[in-house]
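Take the sequences, apply the hints, and build the full model.
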Amino acid sequence: MKMTGAEILVESLRKQGVDLIFGYPGGVLLGIYDTLFDSDIKHILPRHEQGGIHAADGYARATGKVGVCFGTSGPGATNLVTGICNAHMDSVPLVVFTGQVASNLIGGDAFQEADIIGITRPIVKHSYLINNPEEITTVIREAFYIAASGRPGPVVIDLPKDIMAQKAEFKWPSKIELPGYNPTVKGHLGQIKKMLRMLEGAKKPVIYMGGGVILSGASEEMTKLSELTGVPVISSFLGQGGIPGTHENYIGWLGMHGNYASNMAMAEPDFILAVGTRFSDRSTGRLDGFAPNAKVAHIDVDPSSISKNVRIDVPIVGDCKVVLNQALSEIDKYSWDKNLKARKDWMEKIKAWDKKQPFGYDRESTLIKPQYVVESIYKVTKGEAIICTEVGQNQMWAGQFYKYKNPRQFVSSGGLGTMGYGFPAAIGAKLGCPDKEVFDIAGDGSFMMNIQEICTAVQYNVAVKVAILNNKYLGMIRQWQNMFFNNRYSQCCLDCQPDFVKLAESFNAVGMRIDRKEDVEGAIRESLKIKDKPVIMDFTVDREENVFPMIPAGAAINEMLLK
Amino acid sequence: MRHTISVLVENKFGVLSRISGLFSGRGYNIESLSVNKTMDVNISTMTIVTTGDADVIEQIIKQLRKLVNVLRVRDVSEMEHIEREMMLVKVRTEKSTRSEIFNVVGTFRAKTVDITNNSLVIEITGDRGKILAFLKVLEPYGIIEVVRTGAIALSRGSKATSDFK
Numbered sequence: 001m002k003m004t005g006a007e008i009l010v011e012s013l014r015k016q017g018v019d020l021i022f023g024y025p026g027g028v029l030l031g032i033y034d035t036l037f038d039s040d041i042k043h044i045l046p047r048h049e050q051g052g053i054h055a056a057d058g059y060a061r062a063t064g065k066v067g068v069c070f071g072t073s074g075p076g077a078t079n080l081v082t083g084i085c086n087a088h089m090d091s092v093p094l095v096v097f098t099g100q101v102a103s104n105l106i107g108g109d110a111f112q113e114a115d116i117i118g119i120t121r122p123i124v125k126h127s128y129l130i131n132n133p134e135e136i137t138t139v140i141r142e143a144f145y146i147a148a149s150g151r152p153g154p155v156v157i158d159l160p161k162d163i164m165a166q167k168a169e170f171k172w173p174s175k176i177e178l179p180g181y182n183p184t185v186k187g188h189l190g191q192i193k194k195m196l197r198m199l200e201g202a203k204k205p206v207i208y209m210g211g212g213v214i215l216s217g218a219s220e221e222m223t224k225l226s227e228l229t230g231v232p233v234i235s236s237f238l239g240q241g242g243i244p245g246t247h248e249n250y251i252g253w254l255g256m257h258g259n260y261a262s263n264m265a266m267a268e269p270d271f272i273l274a275v276g277t278r279f280s281d282r283s284t285g286r287l288d289g290f291a292p293n294a295k296v297a298h299i300d301v302d303p304s305s306i307s308k309n310v311r312i313d314v315p316i317v318g319d320c321k322v323v324l325n326q327a328l329s330e331i332d333k334y335s336w337d338k339n340l341k342a343r344k345d346w347m348e349k350i351k352a353w354d355k356k357q358p359f360g361y362d363r364e365s366t367l368i369k370p371q372y373v374v375e376s377i378y379k380v381t382k383g384e385a386i387i388c389t390e391v392g393q394n395q396m397w398a399g400q401f402y403k404y405k406n407p408r409q410f411v412s413s414g415g416l417g418t419m420g421y422g423f424p425a426a427i428g429a430k431l432g433c434p435d436k437e438v439f440d441i442a443g444d445g446s447f448m449m450n451i452q453e454i455c456t457a458v459q460y461n462v463a464v465k466v467a468i469l470n471n472k473y474l475g476m477i478r479q480w481q482n483m484f485f486n487n488r489y490s491q492c493c494l495d496c497q498p499d500f501v502k503l504a505e506s507f508n509a510v511g512m513r514i515d516r517k518e519d520v521e522g523a524i525r526e527s528l529k530i531k532d533k534p535v536i537m538d539f540t541v542d543r544e545e546n547v548f549p550m551i552p553a554g555a556a557i558n559e560m561l562l563k
Numbered sequence: 001m002r003h004t005i006s007v008l009v010e011n012k013f014g015v016l017s018r019i020s021g022l023f024s025g026r027g028y029n030i031e032s033l034s035v036n037k038t039m040d041v042n043i044s045t046m047t048i049v050t051t052g053d054a055d056v057i058e059q060i061i062k063q064l065r066k067l068v069n070v071l072r073v074r075d076v077s078e079m080e081h082i083e084r085e086m087m088l089v090k091v092r093t094e095k096s097t098r099s100e101i102f103n104v105v106g107t108f109r110a111k112t113v114d115i116t117n118n119s120l121v122i123e124i125t126g127d128r129g130k131i132l133a134f135l136k137v138l139e140p141y142g143i144i145e146v147v148r149t150g151a152i153a154l155s156r157g158s159k160a161t162s163d164f165k
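If you read the protein sequences in the order shown, they are chains A and B. When the letters of the first sequence are read in order and numbered with the UniProt record's numbering, they come out as residues 1 to 563. When the letters of the second sequence are read in order and numbered with the UniProt record's numbering, they come out as residues 1 to 165.
Since the hints were derived computationally from the structure, they do not count as laboratory data. Just so it is clear, CB atoms sit at the ideal spot from N, CA and C, and this is done for glycine as well. Heads up, some of the hints might be wrong.
[Stated by the list, open to error] Here's a subset of chain B near chain A, in silico, CB distances under 8 Å, partners left out:
#1 Gly25
#2 Glu58
#3 Gln59
#4 Lys62
#5 Val68
#6 Asn69
[Claimed, not checked] Calculated Cβ distances over 12 Å to all of chain B for the following chain A residues:
#7 Thr246
#8 Ala267
#9 Arg343
#10 Asp354
#11 Tyr361
#12 Lys379
#13 Leu494
#14 Asp495
Right under this line is the structure:
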């Protein structure tokens, strides 16, 4: 039986196991939306395409599934660009469908036409323009495979309107044929042994774990390796949760606002085992100060991440989980007591750094300190909530004062640093994990960037909690201007902000304002009782609080400012 | 360092722009790029001449390999290879210089492909050194216009780029 392109598309999505789509209709997508009307796939209508794609991104990060979103041609498609780039930078698997004008109009500057394949080319893992209805099934199978395998990433599929109306037989391809795409999953055993030998011989080793550990589901293996070898683990910002944040071998995260012990330790090791990290500049600081005396082994599924920023001595291309399992099966052949004394001293030195300079703030202050809000959320949720963040100071405090027990518990825009990400991502995370409490730790500046999504959360009864650390500033901008620009607060003051409580209420959400420190915990507890709509908590925090420690731009990793 | 990279790609929509975009987006330099179909019409070969230190070339090759439509990448300058480009050059002639120029054309084993009373169009193929030497010799006569293809390259011996991972 012949089906229209739109029907083939929706049926392919069902075959692919898609049960949730974030999308915004438009002229060229009407055929598809008409088909979706009869489908059992749940569809979420955001209030802006950017909200939709960030929600799909948050859903993907929290669940480990591929996020799916739709936008129409032209402005619908261009509104998705930030979200595509965000997913690309943090290796999030998304399949993004964009509507396109009819094929005979392409190139003619038709109404709502944009060359979205061209616009997104540098920020996708791959993209497709559908040329006929017969290829839809193959393209969708390939797209989901490409998005989720190897180093995950976003795939864009552009759908011309007329092709969606044309008819063809539905033929599901029995296999995927992509001769140019064969990600290496298994690591080279010789290299793995070499890595283990170097790890065995090291006196001051560290494991540096990135987001790849979480993406590949390698947390258990990572924890085991650290326990069996006694090697301390330092994570990147997005690697948080890779091993439990409460684990005795876990030191913390490193980088511009990472903890003192991690940054100090990273300047000194004689051997680093890097796992699933791309050595981002925000993590390493000035490169010549980053572990200058260390030999480095690097496990990564993306060969181009190896030796891109830091010179690697032992490259191991492969999926983190698979390679760590290979390493674990060899582990008994090595003597982990060999440098026991030196390594114990090393661990103690790191722990002493941590004791000397833990993350801290003025706990005696009568003002609400933003860190106190994050700590209270940690306490009230017993460390079990999924924490999404916006971007800026709020994001750093969310990294510093919440300990992430599990992978996929910390959802934050790392590489692109997208303001406005956290709230829609929280909606996506909650839809994907309805049994978990989901918080968006927000700044007042970032929250304003996708505030319209309160409506989405209300419409679909998504009970996310937003904790606005409201300082009426673009806080991180103010901090930099305070520290490096002589207190010249150029355009960082948000003097005119809405009354977030009334605003929440006008959306039929719950709004709370918390002005007093003693009300913080109670408000958070109260918010957890609300199970059917979003809660917007507006915390009036100390306006001039800064994030410390801080590695100034261009400084080495151990050249932190502590206050 | 100048490197010549041979890239086997699927002959699909947008491949060329994916590759050229990779170079421009990451700030790599393309000196020349030539592309055409192979014996198999579904597969094309691109020969890319680029410059960079060892780290840059390593990244270029890795980034190229990441593209879904790229089948094989090989740095042919690492091995013995043959490299050729072609040039068409239009040069001014006078009665007194024409035979001299013909001599030069003969010496370089080039070919005259168009002739008027006061100009010649000459076709020449060769490696970059030969092409540049030829241009230098012709320069004093007055070069009107030059078009050059990019380089194309093949490794010596019986192995093909498709045999290399």
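Query raised in the report: Which numbered hints does this structure break?
Result: When the structure is compared with the hints, none of them turns out to be violated.
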